[in-house]
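Each protein sequence line maps, in turn, to chains U and P. Here the first sequence is numbered in the working numbering, starting from 136 and rising by one per residue. Here the second sequence is numbered in the working numbering, starting from 136 and rising by one per residue.
Keep in mind the hints are simulated off the structure, nothing from the lab. Hints may contain errors.
The list treats identical chains as one, so a pair stands whether inside a single copy or across any two.
[What the hints assert, rightly or not] List time: in silico EDC-like cross-link candidates among lysine to aspartate or glutamate, alpha-carbon distance up to 20 Å:
1. Lys346 <-> Glu221
2. Lys254 <-> Asp280
3. Lys367 <-> Glu339
4. Lys275 <-> Glu261
5. Lys275 <-> Glu209
6. Lys426 <-> Glu153
7. Lys337 <-> Asp280
8. Lys337 <-> Asp278
9. Lys275 <-> Asp368
10. Lys248 <-> Asp278
11. Lys426 <-> Asp390
12. Lys346 <-> Glu211
13. Lys299 <-> Asp380
14. Lys299 <-> Glu223
15. Lys169 <-> Asp278
16. Lys254 <-> Asp349
17. Lys248 <-> Asp280
18. Lys169 <-> Glu223
19. Lys163 <-> Asp280
20. Lys367 <-> Glu159
21. Lys254 <-> Glu281
22. Lys346 <-> Glu159
23. Lys248 <-> Asp349
24. Lys400 <-> Asp191
25. Lys193 <-> Asp390
26. Lys346 <-> Glu226
27. Lys254 <-> Glu166
For reference, the chains in residue letters:
Number of protein chains: 2
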Amino acid sequence: MAQTKRFTQVNYSINNMEILSGVEIAEKRTEVIKAAVAELGFSPMLMIVRVGERADSKSYVNRKVGYATIVGIETEVAHFHESVSEEELLEALARYNVNQNVNGIIVQLPLPKHLNTKKIINAIAEHKDVDGLTDSNISKLFDNDEGVVPATPKGILTLLQSYKIAVSGEHVVVLGRSRLVGKSTALLMLNQNATVTMCHSKTENLSTITKSADILIVAIGQQKFITNEYIKDGQVVIDVGIGADLESRIVGDVDFSSVKNMNIKISPVPGGVGPMTVTSLFENLLFVTQKSLGGTDK
Amino acid sequence: MAQTKRFTQVNYSINNMEILSGVEIAEKRTEVIKAAVAELGFSPMLMIVRVGERADSKSYVNRKVGYATIVGIETEVAHFHESVSEEELLEALARYNVNQNVNGIIVQLPLPKHLNTKKIINAIAEHKDVDGLTDSNISKLFDNDEGVVPATPKGILTLLQSYKIAVSGEHVVVLGRSRLVGKSTALLMLNQNATVTMCHSKTENLSTITKSADILIVAIGQQKFITNEYIKDGQVVIDVGIGADLESRIVGDVDFSSVKNMNIKISPVPGGVGPMTVTSLFENLLFVTQKSLGGTDK
């Protein structure tokens with residue numbers, strides 16, 4: 136396979152800022168994942184459950200399948216019709232749970248409204264839960280116990296660590312409180328001994344709080360919401376947003392044009408947290424695979 | 136039964152401060168609990184599992200049993216020998232789970248070291264988990280889904296609500312990150328739309344952060360740690376600490392003598408969060424009992 140760029144990153148005219156390149160770090164991690172797969176001596180298999188015809192879900196699944204190919208991991212996509220019953224999905228998951236050829240399972244979210252998402256996620260065996268979203272893995276995150284950490288928070292932490300940005304004792308402000316990102320990231324950063332503030336739509340004096348952060352993590356899903364009014368020089372800014380602007384360009388929750396002359400470290404969109412999330416997912420697959428083999432963790 | 140004072144509160148010489156009396160609120164809640172039990176038409180039964188001979192555990196269990204008597208709730212204490220095996224405990228819990236006469240189950244913590252606490256707690260059926268500590272209830276707290284909220288956080292929220300202290304949009308700073316109190320309280324306050332900061336032993340510039348709080352919740356288990364240097368006028372201070380000073384008096388994490396001239400609202404120790412925790416536990420028992428009857432929740 137030709138050596139092609141696996142991840143996309145925009146080009147910036149950078150002044151005082153330092154770009155935290157998820158692309159560069161993900162490229163390095165990819166080599167580590169390849170080596171780990173080679174060392175296993177077999178290709179782990181990831182079962183991906185997809186329901187219905189959402190274009191975004193299909194695109195995300197395809198991205199995972201494509202990445203898996205690069206690192207030598209097998210995937211199987213179990214594609215169910217939009218009208219699949221809960222029972223049918225639960226039965227399928229029960230089969231994957233006991234199938235020794237399946238090392239990890241993910242259910243691409245969101246699911247159609249008639250399905251109980253929580254029930255279906257919890258039907259994944261803890262030791263195959265690559266997304267880290269079962270009750271038992273959420274509880275482990277809460278307890279700072281060694282479980283599977285959801286891919287986006289894990290990717291954010293890896294990005295910070297790769298740039299040798301300290302977390303312990305630092306004030307991390309998390310903007311947004313989704314299950315998948317905001318709250319999981321807050322708990323993960325707390326487990327890393329950060330002082331953590333959780334902000335959201337009801338927060339008063341938001342800019343005062345965001346400016347008090349050493350590390351600001353933005354995951355509100357509102358394009359270009361964070362301008363230079365919310366940021367001060369010297370901060371680290373992690374942008375978890377992903378959306379498209381009026382010209383169909385991919386943009387994050389930070390208004391890059393507004394902050395581009397600031398003296399900050401920032402993860403761009405695209406090319407920041409996105410690639411890290413992909414590599415983290417497959418690191419999770421390796422983690423559960425090695426664990427089930429009784430090998431050393433992480 | 137003679138009308139005796141059910142909870143203890145010290146007497147303070149109060150200047151500008153307002154005492155948030157857990158005693159007074161708990162007395163009122165006790166009447167509500169009694170009425171709710173009467174309306175049920177039967178006495179709910181709480182099974183209390185106690186292991187070994189820890190004096191503090193015995194004392195806590197006795198307090199619960201005594202309170203239950205007052206409100207018309209039945210209790211049964213299953214007392215196991217210090218050396219009980221995990222299997223024996225799990226078998227007992229499995230019996231209580233299916234026993235229709237048992238409405239709620241609590242396992243008094245801490246357990247002896249040879250027992251896997253998490254495994255044992257998770258053996259309690261979710262619908263009988265009065266302490267709210269199973270993975271499924273922790274996950275519900277994380278998801279802001281309607282589950283059983285651990286008694287201390289619930290008691291803190293009830294105390295604030297009883298004094299009509301707003302939480303939504305306010306900055307709540309939680310000091311301490313235990314499973315039972317700190318982290319559970321942080322998530323509960325987040326679910327109530329507070330902006331929440333979690334601080335702990337690794338937090339830098341602690342007094343700057345505690346002074347930025349609208350509501351400061353202290354649960355670090357260090358007697359008299361919080362002096363007037365950490366507090367500013369106008370704040371609400373909730374003291375979850377409970378310890379004994381050199382004269383064997385019960386004291387909290389706040390140095391009361393240091394803050395007594397400040398213009399703050401504060402929950403005292405004893406007589407603040409303690410009584411609220413007791414009533415909240417039995418409110419949880421009523422919650423699961425009513426839920427299992429298919430009645431309205433809360």
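Results for each hint:
1. Proximity of Lys346 to Glu221 under the C-alpha cut-off of 20 Å is found in neither arrangement, the shortest distances being 46 Å within a copy and 50 Å between copies.
2. For the identical chains of this complex, Lys254 and Asp280 are inter-copy neighbours only, at 13 Å across copies versus 23 Å inside a copy, given an alpha-carbon limit of 20 Å.
3. In this assembly of identical chains, the alpha carbons of Lys367 and Glu339 lie at most 20 Å apart whether taken from the same copy (18 Å) or from different copies (19 Å).
4. Taking the closest pair of Cα atoms, Lys275 and Glu261 come within 20 Å of each other both inside a single copy (11 Å) and across two copies (17 Å).
5. For the homomeric pair Lys275 and Glu209, neither the shortest alpha-carbon distance inside one copy (28 Å) nor that between copies (34 Å) is at most 20 Å.
6. When the C-alpha separation of Lys426 and Glu153 is checked against a cutoff of 20 Å, the pair qualifies neither within a copy, at 37 Å, nor between copies, at 54 Å.
7. For the homomeric pair Lys337 and Asp280, the shortest alpha-carbon distance between copies (19 Å) is at most 20 Å, but the shortest distance inside one copy (31 Å) is not.
8. Proximity of Lys337 and Asp278 under a CA criterion of 20 Å is satisfied inter-copy only: 17 Å between copies versus 27 Å inside one chain copy.
9. In the homo-oligomer, the alpha carbons of Lys275 and Asp368 never lie at most 20 Å apart, since the shortest distance is 35 Å inside one protomer and 38 Å across protomers.
10. In this assembly of identical chains, the alpha carbons of Lys248 and Asp278 lie at most 20 Å apart only when taken from different copies (17 Å versus 31 Å within one copy).
11. Taking the shortest Cα distances, Lys426 and Asp390 never come within 20 Å of each other, neither inside one copy (41 Å) nor across copies (48 Å).
12. In this assembly of identical chains, Lys346 and Glu211 lie within 20 Å of each other by CA distance neither inside one copy nor across copies; the values are 45 Å within and 54 Å between.
13. Within a single copy, Lys299 and Asp380 get their C-alpha atoms no closer than 32 Å, and across copies no closer than 43 Å, so neither meets the 20 Å cut-off.
14. For the identical chains of this complex, Lys299 and Glu223 are neighbours neither inside a copy (46 Å) nor across copies (49 Å), given an alpha-carbon limit of 20 Å.
15. Taking identical chains as interchangeable, the C-alpha atoms of Lys169 and Asp278 are never at most 20 Å apart, the minima being 31 Å within one chain and 35 Å between chains.
16. Taking the closest pair of Cα atoms, Lys254 and Asp349 never come within 20 Å of each other, the shortest separation being 38 Å inside a single copy and 38 Å across copies.
17. In the homo-oligomer, the alpha carbons of Lys248 and Asp280 lie at most 20 Å apart only across protomers (17 Å), although the nearest pairing inside one protomer, at 32 Å, exceeds that limit.
18. In this assembly of identical chains, the alpha carbons of Lys169 and Glu223 never lie at most 20 Å apart, being 35 Å within a copy and 46 Å across copies at closest.
19. For the homomeric pair Lys163 and Asp280, neither the shortest alpha-carbon distance inside one copy (27 Å) nor that between copies (39 Å) is at most 20 Å.
20. With identical chains, the CA atoms of Lys367 and Glu159 are never at most 20 Å apart, being 26 Å at best within one copy and 46 Å at best between copies.
21. Only between protomers do Lys254 and Glu281 lie at most 20 Å apart by alpha-carbon distance; the minimum there is 15 Å, versus 23 Å within a single protomer.
22. Taking the shortest alpha-carbon separations for Lys346 and Glu159, neither the intra-copy value of 28 Å nor the inter-copy value of 41 Å comes in at or below 20 Å.
23. For the identical chains of this complex, Lys248 and Asp349 are neighbours neither inside a copy (39 Å) nor across copies (39 Å), given an alpha-carbon limit of 20 Å.
24. Taking the shortest alpha-carbon separations for Lys400 and Asp191, neither the intra-copy value of 30 Å nor the inter-copy value of 51 Å comes in at or below 20 Å.
25. Taking the shortest Cα distances, Lys193 and Asp390 never come within 20 Å of each other, neither inside one copy (28 Å) nor across copies (58 Å).
26. With identical chains, the CA atoms of Lys346 and Glu226 are never at most 20 Å apart, being 49 Å at best within one copy and 54 Å at best between copies.
27. For the identical chains of this complex, Lys254 and Glu166 are neighbours neither inside a copy (36 Å) nor across copies (38 Å), given an alpha-carbon limit of 20 Å.
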